[in-house]
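Chemist: For chain A, the structure is supplied; the task is to place chain B on it using the hints.
There are 2 protein chains.
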Amino acid sequence: MSTQKLPAQQEDFPGWYNEVVKRAELAEHGPAKGSMIIKPHGYGIWELMQRALDDRFKATGHENVYFPLLIPMSLLEREADHVEGFAPQVAVVTHGGGEKLEEPLAIRPTSEAIIWNTYKRWVQSYRDLPLLYNQWVNVLRWEMRTRLFLRTSEFLWQEGHTAHATADDAMRETLQMLEVYREVAEDVLAIPVFTGRKSPGERFPGAVETYCIEGLMRDAKALQCGTSHFLGQNFGKAYDVTFLNADGDQEHAWGTSWGFSARMVGATIMAHGDDAGLRLPPAAAPIQVVIVPIHRNDEERSTVAAVAEKLRADIAAAGIRVRLDDRDQHRPGYKFAEWELKGVPLRIELGPRDVAADRAVIASRLGGDKEEIHLGALVAGLSDRLTAMQRQMFADALAYRDANTHQAGSFDELAAGVEEQGGFWIGPWCGDASCEAEVATKTKATIRFLPIEPKDPGAACIHCGKPGIDVATWARAY
Amino acid sequence: MSTQKLPAQQEDFPGWYNEVVKRAELAEHGPAKGSMIIKPHGYGIWELMQRALDDRFKATGHENVYFPLLIPMSLLEREADHVEGFAPQVAVVTHGGGEKLEEPLAIRPTSEAIIWNTYKRWVQSYRDLPLLYNQWVNVLRWEMRTRLFLRTSEFLWQEGHTAHATADDAMRETLQMLEVYREVAEDVLAIPVFTGRKSPGERFPGAVETYCIEGLMRDAKALQCGTSHFLGQNFGKAYDVTFLNADGDQEHAWGTSWGFSARMVGATIMAHGDDAGLRLPPAAAPIQVVIVPIHRNDEERSTVAAVAEKLRADIAAAGIRVRLDDRDQHRPGYKFAEWELKGVPLRIELGPRDVAADRAVIASRLGGDKEEIHLGALVAGLSDRLTAMQRQMFADALAYRDANTHQAGSFDELAAGVEEQGGFWIGPWCGDASCEAEVATKTKATIRFLPIEPKDPGAACIHCGKPGIDVATWARAY
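Chains A and B supply the protein sequences, listed in that same order.
Residue numbers for the first sequence, in the working numbering: 48 to 525.
Residue numbers for the second sequence, in the working numbering: 48 to 525.
Next comes chain A alone, as it looks inside the complex (with noise of 0.2 Å):
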């Protein structure tokens, strides 16, 4: 670990990123352009991610599948638009096994054409609906501009794949996974976010609508968390997925699909992180407790190795996350240093007078006093105390978020602010293309959401002065 002061987030928030994501030892860049390495800290706060969102899909009925890599280049063009959106991003296989191939391959940059076109084969009948399926996958979207966890060429994600009877069912459906990534972001991450419905401009290709969560990183710039999109019947009609419904009639299938990736890593450092590096929130953590022995000489060391290493088996005994650092090369202020680095919740010190005295000290990552608590009743705290720190996490990060959501009384104020302050700023829109665009030119700032159902904001677009017709969030974003 570098013993270097990290930049200030204050002063340098892309330079602080990048410094937290390399001195915590969460990712680096990989060899070929765009790739990334994800390490063993970083990997392990995906994985964390991976079994909330997974325990979850699983409660609401889903079961996971896999779907090849490549896809044959014929098939990814049947949907229109949704080759144009990704065709310009797509890796192509030309040789394998030593030979030329006849067709080229697609690398998937996301899944729904090669499951379409297979759902085909899987649906006759109205009864053989819903699909409720989803897949844990790398995909790849050529990219020049990386940025680690944010933007690389490829990434981890899930992807849902849902086919339904009704056009009811599948809207449902695409809501509901909208509030299961809501419920993971905001209990699982302490990452406070708007649902929303995307602009037009900003749709999935292919969707009819697409629903986001959205978030405020510390920078106060916005980032798109997650997204759910309502397919219609689009990709049912492109790969033909036809069924008889209960009325003996012949019918496109109704279709959604749902993404949520490791980009949320990166979420997770920017909405939390502090000058002195990453905090993580509990229910995220690798490392949720970290023990440090302290002694001066070897007797005293023994002393205390041997209570700390009772003390780490009682909490994992817990079922808490807990590593006992005794690394002998690292003096405690470094260890301390390193761990407040890499985000772990609570520190608990341990040194020959404390356990003379048969007590440690307890330091939370979120600041405040070191406490002084009695061996005995540690362990059986400890949860509560991480509990409520998910929650404090949470309540600031809202706070935050709160206090820099503004509503933009006119063109001017919203221009200023997305400029000066940054933050979420909301206004009369007049719902038209090209007045969104002007905005984006001018400002920087985008549409990042419209309310779930259209609201008629009863003003003149905050731009345009034509009539409103719904109300817009604007943010300059990730």
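Some clues are possibly wrong.
Since the list gives no way to pick one copy over another, a pair counts as held whenever it fits inside one copy or between any two copies.
[Said to hold, decoys possible] Once the Cα atoms are required to be at most 27 Å apart in a straight line, the calculated DSSO-like pairs of lysine-lysine come out as:
1. 69 / 52
2. 268 / 69
3. 357 / 417
4. 268 / 502
5. 382 / 69
It should be emphasised that the hints constitute simulated quantities derived from the structure, not laboratory data.
Modeler: Just chain B, lined up with the frame of chain A:
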């Protein structure tokens, strides 16, 4: 589900396998050559294997990481044996983002190259060692002759990659992970396996020694079930991974790698299935218990439905994976056959007379009489019943394996044995690669493994008559 009978295992094992995979809805071919779609029931089996392995990896101190899918060709070429072994099977990306790439990228056939190229940066001192990392990923090795689960171009696996300060440490790790594989194969999949060492000709390209677990399928053919490689300093040297040892000298790191793949879903099918379909050991069964309600009219239907749903909830609350099959469109007999085909260990039948008598009927996938059980006692006894089935399936498979493992008294006996009976044939071997190749040509059997420690057979080679230097176990294999 087709109601046609499966091909009989004894008469057409490959046909039986293909039909079981298809009708039990485990997997199907994807659109690109050599690709596979894993369906929910097949993926569910894989998920249980993943969890069993991952828990054991973590319990033995390993952490998960993620290295990129795409590897610059030049990186692959550093370890001479390694590239020679894998280059012919590599799929190559030549275009990305609409442009021709400066350097073609290989889709990983395995990740030693990219990982050791990175370890170079992660290792400076003996204090940085060991590195104990694993990843769950897809890999691609071009295949023309594919078979679902057993041999496909893209496949899912885990690959562990560790680096150590001494040869002893690396060898201990290699054998520890072999033992983890044995435990999961035997305790979770109920597949008895031999542990052994590969002959030099069967070694992983770039390894000093390859160890394996080897199982026997119901057609008396062997299947390699997992491998653990001692890499010596080969990759340390090829990728220049050096460290300062405790004496202050520069040394190359010692390595291991080990892999277990979704082909083990195929192994589970072939080790346990019978003429009625799949038989899943409870620990690897996505559905352990299925409840089939029986009724002839709407009144009976609603009486039975309430009790069935309560039973389902109680069984689920006991931590058992249960499905209530309340589909209207199928009769009970059809459902019985379907769940037998899908290998569900226990079936509970519940009709109006059962409900009136406060009992249910329980049927085991292993056969035997159906049992009537009082509803009050049913849930409490399920776990023991599943444990007993798990043991029974292992015992049956072990008896089969033992009955098909023979000492070969002569080459003629070996040749006739593998042709007429199949199974494992054990005999002294001279250690000569050309002799091994001749036996393989004559018998289509290969050396599946040698003892973990070389063992003087005290007798002449069964084939060439030269002095025996080791004990080889031969079989025809997948």
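Chemist: Each hint should be assessed against the structure and marked as holding or not.
Modeler: Hint check:
no.	hint	result
1	69 / 52	within (13 Å within a copy, 59 Å between copies)
2	268 / 69	within (21 Å within a copy, 50 Å between copies)
3	357 / 417	within (22 Å within a copy, 50 Å between copies)
4	268 / 502	within (25 Å within a copy, 67 Å between copies)
5	382 / 69	within (17 Å within a copy, 55 Å between copies)
In summary, this structure violates none of the numbered hints.
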